[in-house]
Amino acid sequence: MNKKVGIEVSLAAADAVKMANVDLIAAYPITPQTHIVEHLSELVANGELDAEFIPVESEHSALSVCIGSAAVGARTFTCTSSQGLALMNEIIFIASSMRLPIVLILANRSLSGPLSIWNDHTDVMSIRDSGWVQVFVENGQEVFDHVFFAFRVAEDPKVSLPVIVNLDGFILTHVIEPIEYWDQESVNKYLPDFKPVSTLNPDAPVTMGAFGMPGIYTEAKKAQDEALINSKPEIIKAWKEMGEVIGRRYSPVETNNIEGAETVFLTMGSVGETVSIAVERLRAQGEPVGQVKLRLWRPFPVEEFREAVRNVKRIIVIDRAVSFGGQGGPVAAEIRSVLYDEENRPSVTNFICGLAGRDVTPDNYIDMYEKSLKDGDKSKEEDYVIYGVRE
Amino acid sequence: MPLADYKQYVAMDRLPSIWCPGCGNGVALKALALALAESEIPPDKTLLANGIGCSGRVGDYVRCHRFHGTHGRTLAFVTGIKLVRPEIKAVCLLGDGDCSAIGMSHFIHSARRNVDIVTIVINNFNYGMTGGQFSPLSPYNMITSTSRSGKAEPDIDMCKLADVAGANYVSRTTIYHVAEMKNYIKESLGKKGFSLVEIVSPCPTYYARYNKIGTIIQQLEWLKEKFIPIERYNEMNNDEKENFFWRGILINRDLPDLYQHMHKGVEVRKR
Ligand SMILES: Cc1ncc(C[n+]2csc(CCOP(=O)(O)OP(=O)(O)O)c2C)c(N)n1
Ligand code: SF4
Ligand SMILES: [Mg+2]
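Taken in sequence, the protein lines are chains Y and B.
Anchor point for the first sequence: position 133 equals 133 in my numbering, and the numbering is continuous, going up by one each time.
Anchor point for the second sequence: position 181 equals 181 in my numbering, and the numbering is continuous, going up by one each time.
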């Protein structure tokens, strides 16, 4: 029987990593990721988890150790935030190009400067194009479920790619929520033992990280791109089978109040729950408003997204990062591009908000909705608006 | 200069500080301000660059030029500053984690290049800011939030490291030894090249609590008893040394600093 536990989300995430029977954890502390790693260290110290736990000297080293561990076929986990991810950057690209199935929980936090420890998505957007599978969760239960999902997808021989689970820092990491724990049997059923596609093995030598001359580099990148695109059916399958095991159903693009919606908000991560309150309130007033949530960010679920917004007139994209000098936040720019070839494509209004933990309330989202309808409003005339700036 | 003048280096209006009661960071801040005042280095000729950590917040309470970069990189930023503005007195204030973990390579190379920087390391044996995880300087076997059954890794002596790397001045003291601390900082402010003053400091909230070192008074007594003069320490046999740490001046020499090396025989352009 699955039991419900009231627990801090970070601790539950660590418990899930334990239940996934991880072999190696390498990390360097950074707020707000710390509780996840500290709890893992505790589980290893008291003998509940038989894994190598190495708190190394930097994030660059953490991911490098993970590369080595995954290369010899161990189930491998790391966890970071913000500056830590920035410091990992060099190795992030190595992990995906070597097709190493590492799982990383990213407790999303803004990048310096100015120095901030609070939540937004500027960290993950900096590695958008790195070749990792990237998913977003909205609450504690979702992160618990997605730990198993992440290992399963990463290690699927048809995928064999590293996976990031994006978990909003503080807003999720530091809250206590009721979380339904899987029983170990369900975990074992859902997540088979790791059988790597290729490992460093003296009996069957391979080279990892070979030189790529101009004659082969393009082919290598094409293969990598295809690997990520082709992971989508396996990702969908992994969600479907999770539904069969635990009854919760996830998909790349999820909708809320979509029937008859003329305007939809597009959200990623925990703001989805706040926006859903605004949507309910607007619906109660008779406004034709709905919500589309992007759970899968990479590979981008193009068909699913187009399908979800087919009958919609207007999309309000909520971005939680700035693309300096670009044509909107990173999410909106992508959404516009995905819609470009569509007949009757909806218009896109882009609000960048909630930077570095700035509170954005249901009232604010209702205000954004009203602005997006008003002729002559800035949000209609400009590609994007950074919302709530004190001028 | 009268003693009270140390206040011109301290942003008194920003006090009280954010540090926990009993934290050593404020004591080190005052020692630094006193040393600057006694050395008569005016605030507008002084740069305080700090790392990221509780110790790094010292930078929030000083009145002089201030630079706050990223975790571990301070010495590299300041190498750039010193090459262009050699006349500024640069003090880098770093945590043990900042300089011995993530910033270890910059520490070694700054000492090797003998960059003209006064480096003060506040060693509280853990990463205070992020919740008391162990750092490379946490002693073997100690309890931290990432070593619940004792740290499994050996530690390293940053003073010896600075010595072999080529620093001009290397000393170690503790928060308990207030006058000595001020004197070492003052001495290092008078040097050219790379100076290190390691200050061992209590972190009552994490390190001392996890390791049951007791009240802040007991923590200070622990520093007083455990950190003995280097001369006495050197006379001990290896078994006796196990129970103590040394404090004192390890190195005091005058090798040419990076700037002198780079501009040997070349007339320095006027900026
Ligand atoms: C690249 C990066 N990784 C991790 C962090 C998180 N972080 C902030 S301070 C700190 C450690 C501080 O320890 P120490 O230098 O000993 O300073 P103390 O707080 O003990 O004074 C860490 C790991 C960061 N800011 N940047
Ligand atoms: S956590 Fe430790 S180092 Fe940080 S302010 Fe508190 S006592 Fe000082
Ligand atoms: Mg420290």
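Derived by calculation from the structure, the hints in this document are not laboratory data.
A couple of the hints might just be wrong.
Unchecked claim - Among the chain B residues that face chain Y by a calculated CB cut under 10 Å, a handful are: (1) T70; (2) G72; (3) F77; (4) G80; (5) I102; (6) M104; (7) M129; (8) G131; (9) P136; (10) R148; (11) Y233; (12) N234; (13) N237.
Claimed, not checked - Label pairs and their calculated CB-CB ranges: (14) M262(B) <-> K195(Y): 32 to 42 Å; (15) V164(B) <-> L115(Y): 46 to 56 Å; (16) G388(Y) <-> D13(B): 27 to 37 Å; (17) Q218(B) <-> L115(Y): 50 to 60 Å; (18) R248(Y) <-> K224(B): 27 to 37 Å; (19) V389(Y) <-> Q218(B): 30 to 40 Å; (20) C20(B) <-> M208(Y): 38 to 48 Å; (21) I176(Y) <-> R14(B): 45 to 55 Å; (22) K380(Y) <-> M262(B): 51 to 61 Å.
We put the beta carbon where it would ideally sit given N, CA and C, even for glycine.
So, going through the hints one by one against the coordinates:
1. A distance limit of 10 Å between C-beta atoms decides the matter here; for T70(B) the minimum to chain Y is near 6 Å, and the interface restraint holds.
2. Restraint check, G72(B) versus chain Y: the minimum CB separation of about 7 Å is within 10 Å; hint holds.
3. Interface restraint check for F77(B): the shortest CB-CB distance to chain Y comes to about 13 Å, outside 10 Å, so the restraint is violated.
4. Look at G80(B): its Cβ only gets to about 17 Å from chain Y, farther than 10 Å, so that hint breaks.
5. Below 10 Å, beta-carbon pairs count as interface contacts, and I102(B) has one with chain Y at about 4 Å; its hint therefore holds.
6. Because the beta carbon of M104(B) sits about 6 Å from the nearest beta carbon in chain Y, less than 10 Å, this interface hint is met.
7. Because the smallest distance between the Cβ of M129(B) and any Cβ of chain Y comes to about 8 Å, under 10 Å, the interface hint for this residue holds.
8. The restraint placing G131(B) at the interface with chain Y holds, with a minimum CB-CB distance near 5 Å, inside the 10 Å limit.
9. At its closest, the beta carbon of P136(B) sits 6 Å from a beta carbon of chain Y; the interface hint therefore holds under the 10 Å criterion.
10. The restraint placing R148(B) at the interface with chain Y holds, with a minimum CB-CB distance near 4 Å, inside the 10 Å limit.
11. Look at Y233(B): its Cβ only gets to about 28 Å from chain Y, farther than 10 Å, so that hint breaks.
12. With a cut of 10 Å, the hint placing N234(B) at the interface with chain Y is violated, because the nearest CB-to-CB distance is about 30 Å.
13. With a least beta-carbon distance of about 32 Å to chain Y, the hint placing N237(B) at the interface is violated under the 10 Å criterion.
14. Range check, M262(B) to K195(Y): Cβ separation about 56 Å, and the 32 to 42 Å hint is violated.
15. Between V164(B) and L115(Y) the CB atoms are about 34 Å apart, so this pair departs from the stated range of 46 to 56 Å.
16. Roughly 30 Å separates the CB atoms of G388(Y) and D13(B), a value that falls within the hinted 27 to 37 Å.
17. Evaluation of the 50 to 60 Å hint for Q218(B) and L115(Y) yields a failure: the beta carbon distance comes to about 34 Å.
18. Between R248(Y) and K224(B) the C-beta distance comes to about 59 Å, which lies outside the given range of 27 to 37 Å.
19. A hinted range of 30 to 40 Å for the beta carbons of V389(Y) and Q218(B) is inconsistent with their spacing of about 51 Å.
20. In this structure the supplied range 38 to 48 Å holds for C20(B) paired with M208(Y), their Cβ-Cβ distance being about 46 Å.
21. Look at I176(Y) against R14(B): about 34 Å separates their beta carbons, and that is not inside 45 to 55 Å.
22. Taking the beta carbon of each, K380(Y) and M262(B) are about 58 Å apart, inside 51 to 61 Å as hinted.
Comparing the model with each numbered hint stated earlier shows that hints 3, 4, 11, 12, 13, 14, 15, 17, 18, 19, 21 do not hold.
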